[in-house]
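Using the sequences and the hints given, assemble the complete structure.
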Amino acid sequence: MALLVSLAVGLLAACGIYLLLRPRVFSVILGLTLLSYAVNALIFLGGRLNATAAPLALPGAQGLADPMPQALVLTAIVIGFGMTAYLVALALRARAETGTDHVDGAEGPEDGR
Amino acid sequence: MSHAVILPVLLPLVAAVAMLLLPSAARMLAVLAAVALVGVAALLLGLAADDAVRVYRLGDWQAPYGIVLVLDRLAAMMVAVTAVLGLAALMSAIGGNDREGRHFHPLFQLQMAGLNGAFLTGDVFNLFVFFEILLLASYGLLMHGGGAARARVGIGYVVLNLVGSALFLISLGLVYGTLGTLNLADIALVLPGVPAADQALVRTAAALMVAVFLLKAALLPLSFWLPHVYAAAGAPVAALFAVMTKVGVYALLRVEVIGFAGAPATAGLLQPWLPVLALLTIAAGTIGALAARRLAGVAANQVLVSTGTLLAAVAAGNATATAAALYYLPHTTLVTGGMFLLAGQLAQLRGAMGDTIDNGPKVRGALLLGGAFLVLGVAAAGVPPLSGFLAKVMVLQALGDTALGPWMWAGLLVSGLVMALVLARAASALFWEAGDEEAPGPKLPRGAVLALVLLSAAGPVLALAAAPVAGYARAAAEQLHARQPYIEAVLGARPAVQRETRP
Numbered sequence: 013m014a015l016l017v018s019l020a021v022g023l024l025a026a027c028g029i030y031l032l033l034r035p036r037v038f039s040v041i042l043g044l045t046l047l048s049y050a051v052n053a054l055i056f057l058g059g060r061l062n063a064t065a066a067p068l069a070l071p072g073a074q075g076l077a078d079p080m081p082q083a084l085v086l087t088a089i090v091i092g093f094g095m096t097a098y099l100v101a102l103a104l105r106a107r108a109e110t111g112t113d114h115v116d117g118a119e120g121p122e123d124g125r
Numbered sequence: 011m012s013h014a015v016i017l018p019v020l021l022p023l024v025a026a027v028a029m030l031l032l033p034s035a036a037r038m039l040a041v042l043a044a045v046a047l048v049g050v051a052a053l054l055l056g057l058a059a060d061d062a063v064r065v066y067r068l069g070d071w072q073a074p075y076g077i078v079l080v081l082d083r084l085a086a087m088m089v090a091v092t093a094v095l096g097l098a099a100l101m102s103a104i105g106g107n108d109r110e111g112r113h114f115h116p117l118f119q120l121q122m123a124g125l126n127g128a129f130l131t132g133d134v135f136n137l138f139v140f141f142e143i144l145l146l147a148s149y150g151l152l153m154h155g156g157g158a159a160r161a162r163v164g165i166g167y168v169v170l171n172l173v174g175s176a177l178f179l180i181s182l183g184l185v186y187g188t189l190g191t192l193n194l195a196d197i198a199l200v201l202p203g204v205p206a207a208d209q210a211l212v213r214t215a216a217a218l219m220v221a222v223f224l225l226k227a228a229l230l231p232l233s234f235w236l237p238h239v240y241a242a243a244g245a246p247v248a249a250l251f252a253v254m255t256k257v258g259v260y261a262l263l264r265v266e267v268i269g270f271a272g273a274p275a276t277a278g279l280l281q282p283w284l285p286v287l288a289l290l291t292i293a294a295g296t297i298g299a300l301a302a303r304r305l306a307g308v309a310a311n312q313v314l315v316s317t318g319t320l321l322a323a324v325a326a327g328n329a330t331a332t333a334a335a336l337y338y339l340p341h342t343t344l345v346t347g348g349m350f351l352l353a354g355q356l357a358q359l360r361g362a363m364g365d366t367i368d369n370g371p372k373v374r375g376a377l378l379l380g381g382a383f384l385v386l387g388v389a390a391a392g393v394p395p396l397s398g399f400l401a402k403v404m405v406l407q408a409l410g411d412t413a414l415g416p417w418m419w420a421g422l423l424v425s426g427l428v429m430a431l432v433l434a435r436a437a438s439a440l441f442w443e444a445g446d447e448e449a450p451g452p453k454l455p456r457g458a459v460l461a462l463v464l465l466s467a468a469g470p471v472l473a474l475a476a477a478p479v480a481g482y483a484r485a486a487a488e489q490l491h492a493r494q495p496y497i498e499a500v501l502g503a504r505p506a507v508q509r510e511t512r513p
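Line order of the protein sequences matches chains A and B.
For this note's numbering, add 12 to where a residue sits in the first sequence, where the first one is 1.
For this note's numbering, add 10 to where a residue sits in the second sequence, where the first one is 1.
No wet-lab data here; the hints were simulated from the structure.
Being a predicted model, the structure only gives us computed values, none of them experimental.
Treat the hints loosely; a few may be bogus.
What the hints assert, rightly or not - Beta-carbon label-pair distances, calculated as ranges:
(1) Ala-301(B) x Ala-63(A): 55 to 61 Å
(2) Trp-235(B) x Ile-29(A): 15 to 21 Å
(3) Tyr-30(A) x Leu-290(B): 25 to 31 Å
(4) Leu-76(A) x Ala-206(B): 49 to 55 Å
(5) Pro-495(B) x Ala-63(A): 43 to 49 Å
(6) Ser-12(B) x Leu-33(A): 46 to 52 Å
(7) Tyr-98(A) x Phe-234(B): 21 to 27 Å
(8) Leu-33(A) x Pro-478(B): 48 to 54 Å
(9) Val-45(B) x Ala-69(A): 45 to 51 Å
(10) Leu-42(B) x Ala-14(A): 50 to 56 Å
Every residue gets a Cβ at the ideal spot worked out from N, C-alpha and C, and that includes glycine.
What follows is the structure in structure tokens.
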């Protein structure tokens with residue numbers, strides 16, 4: 013299972029980085045979102061994947077699940093969500109101010125498609 | 011347990027909430043909070059001066075299970091620098107542009123809370139959270155006042171920092187996955203015993219973390235965002251941003267010395283490339299200052315030069331170099347902040363000319379502004395007799411024995427000479443060769459004058475008080491490099507933390 017999740021993390025990160033390097037703000041935001049999914053899954057992997065471990069310290073339970081990465085991921089998700097929301101608002105503002113959704117705030121010569 | 015340690019985080023946070031509830035009293039609350047923060051910072055400096063490392067356990071959870079704030083000499087000094095700079099930036103904003111957009115004051119306080127938290131925290135995940143607080147506030151502050159130029163640089167700045175945050179999280183995930191802890195002192199204990207199979211992963215995680223800190227500090231290949239962003243921000247905001255790059259330098263210094271330097275898996279991570287890149291950053295900043303057409307652009311490039319100088323000292327990795335960096339740091343932060351404020355005032359007074367370095371109309375209060383420029387410029391260029399010269403001598407002495415010593419000497423001295431030329435040229439264009447008729451602009455606001463005087467005073471005061479300040483910096487550096495007091499204070503004298511074995 014760890015291999016599957018690792019491959020998914022790699023794929024998500026690769027797609028995220030590709031989209032990040034695109035010239036339009038919208039694809040950049042999508043790229044950041046994909047990248048943060050990849051990061052969240054990676055943090056989750058840090059606590060080891062285990063389908064049968066007890067979530068709480070019940071009497072007699074063996075091999076507890078690690079609650080720490082879940083708390084970290086929760087924090088990261090909340091922060092990432094807020095940041096993405098701000099970036100979307102900023103992108104709309106920049107579109108209104110500069111009249112283009114290019115990340116440089118101006119159309120390049122080769123971007124006239 | 012003294013609760014004073016958490017006050018620098020709590021005070022701005024409470025003030026920000028109060029401002030949102032009482033928007034009409036925001037200015038008064040802002041001044042109260044900023045003055046109180048300077049008082050708290052002075053109290054912490056006094057507390058830290060007895061060389062004890064004070065640990066504040068949030069919720070009284072024992073480290074490494076709970077989150078701790080740690081106050082030592084270094085953290086107290088950083089909080090004090092931030093508090094003074096924050097007070098000056100705030101006074102300048104109140105006389106100027108704080109009502110050009112909504113929520114300037116709450117954002118400003120949140121930025122202070124994030125900065126102070128980043129300086130005080132003893133936990134790397136908590137460091138990430140405080141980084142995000144200060145960054146989110148800085149996004150809002152950067153956009154304060156609006157305009158196409160700010161929107162244009164804003165997108166790049168936000169995206170770049172979000173990528174930095176993602177890298178930071180990847181690094182934290184790897185650190186937790188391999189070491190099982192995120193408490194800095196505990197990391198220092200666990201790192202030397204990392205099994206051989208995990209060493210490469212740990213080293214990768216450490217390298218990623220270093221890269222993130224260097225992005226915040228704006229080291230050369232990661233520094234191209236800085237001049238645009240800082241020059242586009244409003245003057246009080248840019249002045250406050252002068253301390254943001256120092257957060258990156260501070261985090262690198264703290265994590266490297268306490269955590270990474272002491273373990274074979276991560277030792278020597280910064281060599282040999284960091285001194286080279288630091289030198290190149292100094293060169294890039296110097297050339298950028300030479301090419302800058304606005305005074306704010308010159309100040310932004312000064313930030314790059316100071317980053318390079320600080321990181322060269324951090325890379326040396328010994329207490330002498332760190333002590334020199336810690337004398338240089340308050341000097342450069344306050345002086346660069348002052349330069350940004352001065353550029354903002356000139357831009358307001360000269361109307362359409364802005365702060366372009368070109369002959370324009372005579373400005374009102376030219377004597378005061380010119381005097382402030384003289385003091386700030388002499389301090390920034392590192393010419394005797396002000397603090398810049400002393401700081402530079404200390405850094406040069408500390409770096410003389412390193413592998414790149416001669417290059418550092420040449421680089422720093424040439425950079426100082428070029429800076430002096432740039433500032434002299436700017437002074438003659440802005441003040442000497444100004445036209446005869448006075449610009450019709452408004453009078454200088456009193457708050458802005460106070461702020462300028464406060465920050466201009468930094469150079470002379472740091473030079474006059476060089477012995478105590480350098481002594482404090484020396485003690486702070488020795489306390490940091492001793493490492494053991496920090497680790498014992500956070501984790502207690504217990505030899506090892508009980509851990510569960512993991513599958």
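Now the hints, each set against the structure:
1. Ala-301(B) x Ala-63(A): 55 to 61 Å: Cβ of Ala-301(B) to Cβ of Ala-63(A): about 60 Å, so the range 55 to 61 Å holds.
2. Trp-235(B) x Ile-29(A): 15 to 21 Å: 18 Å, holds
3. Tyr-30(A) x Leu-290(B): 25 to 31 Å: 29 Å, holds
4. Leu-76(A) x Ala-206(B): 49 to 55 Å: 27 Å, violated
5. Pro-495(B) x Ala-63(A): 43 to 49 Å: Holds - the Cβ-Cβ distance for Pro-495(B) and Ala-63(A), about 44 Å, lies within 43 to 49 Å.
6. Ser-12(B) x Leu-33(A): 46 to 52 Å: 49 Å, holds
7. Tyr-98(A) x Phe-234(B): 21 to 27 Å: The hint (21 to 27 Å, Cβ to Cβ) holds, given that Tyr-98(A) and Phe-234(B) are roughly 22 Å apart.
8. Leu-33(A) x Pro-478(B): 48 to 54 Å: 51 Å, holds
9. Val-45(B) x Ala-69(A): 45 to 51 Å: Hint holds: Cβ distance 48 Å, inside 45 to 51 Å.
10. Leu-42(B) x Ala-14(A): 50 to 56 Å: Holds: the Cβ-Cβ distance is about 54 Å, inside 50 to 56 Å.
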